[in-house]
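> Based on the hints, put chain P in the right spot on chain H.
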Amino acid sequence: MINRKNLIGLQHFDPPEIELILDTAVAMKEIVSRPIRKVPTLRGRTVMNLFYEPSTRTRTSFELAAKFLNADVINISSSASSVVKGESLKDTVRTLEAMGTDIVIIRHPMAGAANLLAGWTGAAVINAGDGAHEHPTQGLLDMFTVREKKGALEGLKIAIIGDILHSRVARSDIWGFLKMGARVSVCGPATMLPIGIERTGVDVYCNVDKALEDADVIIMLRIQLERQKAGLFPSLREYARLFGLNRERLSLAKKDALVMHPGPMNKGVEISGEVADSLQSVINEQVTNGVAVRMAVLYLLIGGGDA
Amino acid sequence: MPEKMRQKAQILDKEGIRRALVRIAHEIIERNKGTEKIALIGIQRRGVPLANRLSGYIREIENKIIPVGILDITLYRDDITTLAHQPILRRTEVPFPVKNQKVILIDDVIYTGRTVRSAMDAIMDLGRPNLIELAVLVDRGHRELPIRADYVGKSTPTSSKEIVEVRLQETDGQEGVFILGEG
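Quick mapping for you: the protein sequence lines, in order, are chains H and P. Going by the working numbering, the first residue of the first sequence is number 1, and it counts up by one from there. Going by the working numbering, the first residue of the second sequence is number 1, and it counts up by one from there.
Only chain H is shown next, with the shape it has when bound in the complex (with noise of 0.2 Å):
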């Protein structure tokens, strides 16, 4: 049973929360695999993107969940909207409440927007990515799929590899793997691992062979160039030779070991081509799994007495 209304951050999850969802989206994933994807839950009652920063797949993906559902869905990004206009958020908020909206799916560049948000307005709220603070329906999306492959989540080595400093899926992956029983490292350049990040119960890696030992997930963050020009390392290609997943790397981890990415991908820094796209790689699956557990997310935090 999830008491919640909104959902911020996997941090404040319990296990069993966790469970819950990933448990409906195994159902709402038949739903997704029917010729006819429509189930009339959500009838009538409207979902909000307020989309702060560009996203394709995030906001495609709710829409998709949402529509799904049979909820009405409206698009607001900042770029055509009265953002430009110098409207904050609050008031922004505001007015689209009042216009009647039951969920509001929040990505802002900004941490901690969300959670603002959910103090000023009475509809749920989703976050979809705030700042570097968490994206936890890509991390629910990625336990669903490990668990999928894997059976369980339990005693799993997940290694996290990359810019975990900026990586708002790197710490809603963290808190929602440990949660859930895994074995987690992160590794990248030391410029890009926050520092204190041991204390959350990882495994801290500068040598990326290390961290890929024996690992059952690899997943591989996104370096995200139009965060780099801090320097935080030389050059791309000397990014690519250290910390890229290429075969030879791949071979360090298990044999069966599975190659994830939130996307969008840079071919040739993190992952090579050829990784993306050999049969150890769930990328694509990724994809599908987010409009199901997004559907269960949806689902889960609409429920509540005063419709």
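Treat each hint with caution, since some may be false.
Some but not every residue of chain P turned toward chain H, in silico, with C-beta under 8 Å [as the list claims (entries may be wrong)]:
(1) GLU60
(2) LYS64
(3) ILE80
(4) GLN86
(5) LEU89
(6) LEU126
What the hints contain is simulated information worked out from the structure, not anything from laboratory work. By construction, the Cβ of each residue, glycine as well, lies at the ideal position given by its N, Cα and C atoms.
Chain P alone, transformed into the frame defined by chain H:
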């Protein structure tokens, strides 16, 4: 639900359930003039073991294998957005096309008829069957919709304050149908 519900009566025992299901199996075959194009779909949760058993009895009688599907109707409930907590979703698994089939829905108890209404909507979303029939182990009355069962194991008048509880080996570890009530 009131806190203290006492078992007031047992309306079917293990043997009674078996006899009712065997009779329903015969009725299904008789009414459909055989088993051609028949598919059973059990409604989660106790409709599922009942559907499996009926399929088994029909096979014993006609020596034909009847496909069995599983349906979870939660997402089709008409009260879904007014419940305090979202019910747990269970799996739906209908491993055959329902198009042009004679679908027989199986549930343990028919009461208001709302579950069956949801189930019919859910099946329509999977395809267009030739017909849908309904088989239940117990009909306890109090319909709120114009729906009736085609095959009934036992009809029992009840008070709406009572609870009809079906216990099956597969889901509950014992067999029997009981009426629970206050005092």
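> For each hint, tell me whether it holds in the structure or not.
Verification of the supplied hints:
no., hint, result
1, GLU60, "31 Å, violated"
2, LYS64, "27 Å, violated"
3, ILE80, "6 Å, holds"
4, GLN86, "4 Å, holds"
5, LEU89, "4 Å, holds"
6, LEU126, "7 Å, holds"
Checked against the numbered hints given earlier, this structure breaks hints 1, 2; the rest are met.
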